[in-house]
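Order-wise, the sequence lines are chains Z and L.
Residues 1 to 462 (the working numbering) make up the first sequence, in order.
Residues 1 to 184 (the working numbering) make up the second sequence, in order.
Since the hints were derived computationally from the structure, they do not count as laboratory data.
Quantities reported herein were computed from a predicted structural model and do not represent experimental measurements.
Just so you know, not all the hints are guaranteed correct.
Stated by the list, open to error - Computed list of lysine to aspartate or glutamate pairs in DMTMM-like fashion (alpha-carbon distance at most 25 Å, straight line):
(1) LYS429(Z) - GLU72(L)
(2) LYS221(Z) - GLU160(L)
(3) LYS92(Z) - ASP64(Z)
(4) LYS431(Z) - GLU165(L)
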Amino acid sequence: MIYFTRLKLNKNTIKYFIFNFIIVFLFTIFSSNYSHSNEAPLQIDIMGGRVQAMPIAISYFSIDKEINNNSNLEKEIPDLIAKNLINSGLFKLLDRNAYMQKPAQLINPPKFRDWRIIDAQILISGSIKNEENKIKVSVQLWDIYGEKRMLGISLSSKIKSWRRVSHIISDKIYERLTGEEGYFDTRIVYVSESGNQKNRIKRLAIMDQDGDNHKYLTNGKSLVLTPRFSPNQQKITFFSYNGVNSGLKPSVYIYDLNTGNIEILGEFEGMSFAPRFSPNGNNLIMSLAKNGATNIYIMNLINKNLIQLTKGRSIDTSPSFSPDGKYIVFNSDRSGGQHLYIMNRDGKNVKRISFGRGSYATPVWSPRGDYIAFTKFTRGRFFIGLMHPNGDSERLIAEGYLTEGPTWAPGGRVLSFFRQTPLEDGNMKTKLYVIDITGNRERELNTPEDGSDPAWSPKNIK
Amino acid sequence: MVRLIKYFLIFMGFSILISCAEKNKDNLLLDAEGGNSENNEQSAEIEVTDNEVQAIEMEEIELTIEEKLASELIDVGDRVFFEYDESTISAENSETLNKQYQFLLKNPNISITITGHCDERGTREYNLALGERRASAVKNYIVSLGIEPSRITVISYGKEKPTVEGHNDWAWAQNRAAITYINN
Numbered sequence: 001m002i003y004f005t006r007l008k009l010n011k012n013t014i015k016y017f018i019f020n021f022i023i024v025f026l027f028t029i030f031s032s033n034y035s036h037s038n039e040a041p042l043q044i045d046i047m048g049g050r051v052q053a054m055p056i057a058i059s060y061f062s063i064d065k066e067i068n069n070n071s072n073l074e075k076e077i078p079d080l081i082a083k084n085l086i087n088s089g090l091f092k093l094l095d096r097n098a099y100m101q102k103p104a105q106l107i108n109p110p111k112f113r114d115w116r117i118i119d120a121q122i123l124i125s126g127s128i129k130n131e132e133n134k135i136k137v138s139v140q141l142w143d144i145y146g147e148k149r150m151l152g153i154s155l156s157s158k159i160k161s162w163r164r165v166s167h168i169i170s171d172k173i174y175e176r177l178t179g180e181e182g183y184f185d186t187r188i189v190y191v192s193e194s195g196n197q198k199n200r201i202k203r204l205a206i207m208d209q210d211g212d213n214h215k216y217l218t219n220g221k222s223l224v225l226t227p228r229f230s231p232n233q234q235k236i237t238f239f240s241y242n243g244v245n246s247g248l249k250p251s252v253y254i255y256d257l258n259t260g261n262i263e264i265l266g267e268f269e270g271m272s273f274a275p276r277f278s279p280n281g282n283n284l285i286m287s288l289a290k291n292g293a294t295n296i297y298i299m300n301l302i303n304k305n306l307i308q309l310t311k312g313r314s315i316d317t318s319p320s321f322s323p324d325g326k327y328i329v330f331n332s333d334r335s336g337g338q339h340l341y342i343m344n345r346d347g348k349n350v351k352r353i354s355f356g357r358g359s360y361a362t363p364v365w366s367p368r369g370d371y372i373a374f375t376k377f378t379r380g381r382f383f384i385g386l387m388h389p390n391g392d393s394e395r396l397i398a399e400g401y402l403t404e405g406p407t408w409a410p411g412g413r414v415l416s417f418f419r420q421t422p423l424e425d426g427n428m429k430t431k432l433y434v435i436d437i438t439g440n441r442e443r444e445l446n447t448p449e450d451g452s453d454p455a456w457s458p459k460n461i462k
Numbered sequence: 001m002v003r004l005i006k007y008f009l010i011f012m013g014f015s016i017l018i019s020c021a022e023k024n025k026d027n028l029l030l031d032a033e034g035g036n037s038e039n040n041e042q043s044a045e046i047e048v049t050d051n052e053v054q055a056i057e058m059e060e061i062e063l064t065i066e067e068k069l070a071s072e073l074i075d076v077g078d079r080v081f082f083e084y085d086e087s088t089i090s091a092e093n094s095e096t097l098n099k100q101y102q103f104l105l106k107n108p109n110i111s112i113t114i115t116g117h118c119d120e121r122g123t124r125e126y127n128l129a130l131g132e133r134r135a136s137a138v139k140n141y142i143v144s145l146g147i148e149p150s151r152i153t154v155i156s157y158g159k160e161k162p163t164v165e166g167h168n169d170w171a172w173a174q175n176r177a178a179i180t181y182i183n184n
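Make the full structure from the sequences, and use the hints.
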């Protein structure tokens, strides 16, 4: 039994993706015939905490001779898929020198016994075929012990889009093996930092989640902070001191990735900051600070109508929508200390949800809705923590001299944040990190300079 | 630049005084270019005394009005400090701010910007709000004494522009500040 699903990207989705190349995809997924079996399907439970990495074999691909192939795609594509899967911490790649079957032999179903000998539980094989000006990449996912195909994918693209093809395939494999949404076909926007602490240069930069395609979006002349993606990831909202020397207030800006245009959201009485888009992208929530009080506002981006949601003399900031758009979580010092609160999207029905010792800040609702990630400061250390939206089951998953600013990858099982670590020479190292919600599998993201305020994009394909 | 020249001259002045002391109060000779001319008997001789050093300094420095005001503000006290996560105007702060008020009263044509700053122990967004609260507290105090609010702009830098580097109690205390600048 084979299921065909045909997805076609709409024009807008394509247009904004990565500036210098345009992709036309024909995207076909075949799902395998595993479902008739009574055996439990082979699946990794990523919630299992310290699960042992699953041994996985990823063969080099076979490739048509006609393809003008300077970049060794038959190795580059499987290598990038391997890098993605291994970075998740859930898989370990078996040494290719031990593989008994050659890529060309894997055009047919594998000899499962040959792969059991090297303890592979999963085999990924593939082929690259010539299609006029394009390549067609087909990948098979094999359950070695169950002796069946779990997944087959074919993607057509221009040669130069091979990285994105590899990320999409990685997502499909990850989804098939974990049951969780993949997050490899995504980008991260962040603040690239250089220079000493007193005169730090901070500029917006964007890259693929694996660090490739890195590029700067602003020149560093104005201080920029806290970039965040719009849900269709065509826009980035951020805070900047642009124009403060000529009388502009520090303000929220919107960067259009299609056009490169930067626009101020509006000129308000007071400083506007801490912006985030609503889940449908039509509204933006933020803080306005004036006369010593900071309150939360929502702005309709279509008619520019501004509504004040919180009132009073306290600091109410870092608002974040629930994925259904019905609630807003934020942090406030209204009780004295800094704590997390939830309110309806109209500002009514405010409820405190954090009650532990220490200060709670920068709450961010998971895209799945089941967790709120936050920054916590207690006993002189900073932590990244998680709690359910009702405040239950608080736990801390990362710590440091200064850790701050969690952001969720699509799927709500993996996060990024940034950490400042004091070095022996008195300077600070500030880097981006990725961790999963079990608190395991933390790794540093590679950036050309120091980095802070990461924001993970939504998936490129919905 | 002018300030640099000033420091340099003061430094020279001290050097000269120290040399004087070392030479058992022998007169130090300067030639027309101001160099040490003990070996140049022909040059015009000027006897350098304390007063003379003072005179050179007065002569050379031409501060612009803005610079004079800025240095006056620094003498008055351009910044006040806060406790952790606080924006209260302490007695010490109000003493400084009373002087800033007098300064503004004396110079009715200037307007100022007050920048609010925090130490690094807080999140960026919360500290932006806290910096605004601190700068506003200073503004409100000065306004309460009788200065037009329109003469005062407030900008929060949160923890983004620490005035001193360092990660200890002393540095943090220095960085929890509101600083007054004269607008150009």
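Now the hints, each set against the structure:
1. LYS429(Z) - GLU72(L): At roughly 39 Å apart (the allowed maximum being 25 Å), GLU72(L) and LYS429(Z) break the hint.
2. LYS221(Z) - GLU160(L): Holds. LYS221(Z) to GLU160(L) sits at ~14 Å (cutoff 25 Å).
3. LYS92(Z) - ASP64(Z): Not OK: LYS92(Z) and ASP64(Z) at ~29 Å, beyond 25 Å, violated.
4. LYS431(Z) - GLU165(L): Between LYS431(Z) and GLU165(L) the Cα gap is close to 19 Å, so the pair holds against 25 Å.
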